[in-house]
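*Asks:* Going by the working numbering, the first residue of the sequence shown is number 298, and it counts up by one from there.
By construction, these hints were calculated from the structure, which means they are not laboratory data. Think of the CB as a built atom: it goes at the ideal place given N, C-alpha and C, for glycine as much as any other residue. Please note that the accuracy of each hint is not assured.
Unchecked claim - Ranges between beta-carbon positions, derived for each pair:
#1 L495 / K332: 25 to 33 Å
#2 E485 / A360: 25 to 33 Å
#3 K332 / Q473: 17 to 25 Å
#4 D330 / D377: 15 to 23 Å
#5 V406 / M346: 30 to 38 Å
#6 S493 / G470: 19 to 27 Å
#7 K332 / I444: 20 to 28 Å
#8 E350 / E402: 23 to 31 Å
#9 P496 / L419: 14 to 22 Å
#10 D450 / V406: 17 to 25 Å
#11 G466 / K418: 45 to 53 Å
#12 E350 / K433: 14 to 22 Å
#13 R384 / R454: 14 to 22 Å
#14 V356 / Q494: 36 to 44 Å
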Amino acid sequence: MQETQPENGANLDTRVQVDAGRDIETAIIDLSDEKQLAHLSRGIEALVMISAEPVPDAVLAQALATDEVTIRTICVALSDSYEDQDRGFQLAYVAGGWRFQSHPEMADVISDYVIDGQNAKLSPAAMETLAIIAYKQPISRAQIGAIRGVNVDGVLRTLSQRGYVAEIGRDEGPGQAVLFGTTASFCERLGIADPSQLPPLGDFVPPAHVLEALEQTLRADVE
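Throw the hints in and build the complete structure from the sequences for me.
*Replies:* What follows is the structure, given as structure tokens:
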């Protein structure tokens, strides 16, 4: 991101106001150090890009070894820059942190894209993830990933786009992770009133004697 430097090379006072319930803050960024500014800007973009949830100023500041006001100032500048360039995405301050999201003006394009993919079959990975959410909801992204043993960001995005799962709350523990659950559309597709009408998991578990025989076979193989 290029900025016009003051002729005297002095620091630039940048006043920032963000829709985050906070007062106007003042940050001083040394624009004469273009390399440092570029490093922080790229660092913010990279960290926000790989994060599944909005990233707070404090987290970005700690990761990039700077202060929160500097982070806030650069984020707002980046956000304005994307807007000025008519990008299809935004850097937005949401739920206490920064995230990349599609531009509202692209809603029609995204809607058409999602609808066009509604008839495509779900992959086995998506079906497995959907089953986990259906039977374990409310459940966090990390819990789903732990059960499946793989990253589930892409699959969750697909299921959300299809309208089968949605964010239904936040965990009360540290970090307040987003919790996912199934939607009315999911129940409608299955012809049930609510998830309580899903078939019991016991219907899909082999009888006790079969499990015992399987366990003995596995032990024999190990020995």
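*Asks:* Holds or violated: the 14 to 22 Å window for the beta-carbon distance between P496 and L419?
*Replies:* With Cβ atoms ~18 Å apart, the hint holds.
*Asks:* Please check whether V356 and Q494 have a Cβ separation lying inside 36 to 44 Å.
*Replies:* The hinted range 36 to 44 Å holds for V356 and Q494, with Cβ atoms some 41 Å apart.
*Asks:* How does the Cβ-Cβ distance of D450 and V406 compare with 17 to 25 Å: does it lie in that range?
*Replies:* holds (22 Å)
*Asks:* Mind checking the hinted window 25 to 33 Å against the Cβ distance between L495 and K332?
*Replies:* Hint violated: Cβ distance 56 Å, outside 25 to 33 Å.
*Asks:* Between E350 and E402, does the C-beta distance stay in 23 to 31 Å?
*Replies:* Check passed, 24 Å falls within 23 to 31 Å.
*Asks:* Are K332 and Q473 spaced within 17 to 25 Å by their CB atoms?
*Replies:* violated (37 Å)
*Asks:* For the pair D330 and D377, does the Cβ-Cβ distance stay inside 15 to 23 Å?
*Replies:* Given a distance of about 20 Å, which is inside 15 to 23 Å, the answer is holds.
*Asks:* Falls inside 14 to 22 Å, the C-beta gap from E350 to K433?
*Replies:* With a Cβ separation near 19 Å, E350 and K433 satisfy 14 to 22 Å, so the hint holds.
*Asks:* Between R384 and R454, does the beta-carbon spacing fit 14 to 22 Å?
*Replies:* holds (20 Å)
*Asks:* With 20 to 28 Å as the target window, see if K332 and I444 comply at their CB atoms.
*Replies:* At roughly 44 Å between Cβ atoms, I444 and K332 fall outside 20 to 28 Å, so the hint is violated.
*Asks:* Taking the CB of G466 and the CB of K418, does the distance hold inside 45 to 53 Å?
*Replies:* This hint is violated: roughly 30 Å between Cβ atoms.
*Asks:* Taking the beta carbons of S493 and G470, is their distance inside 19 to 27 Å?
*Replies:* holds (25 Å)
Going down the numbered hints, you'll see the structure goes against 1, 2, 3, 5, 7, 11, while the others check out.
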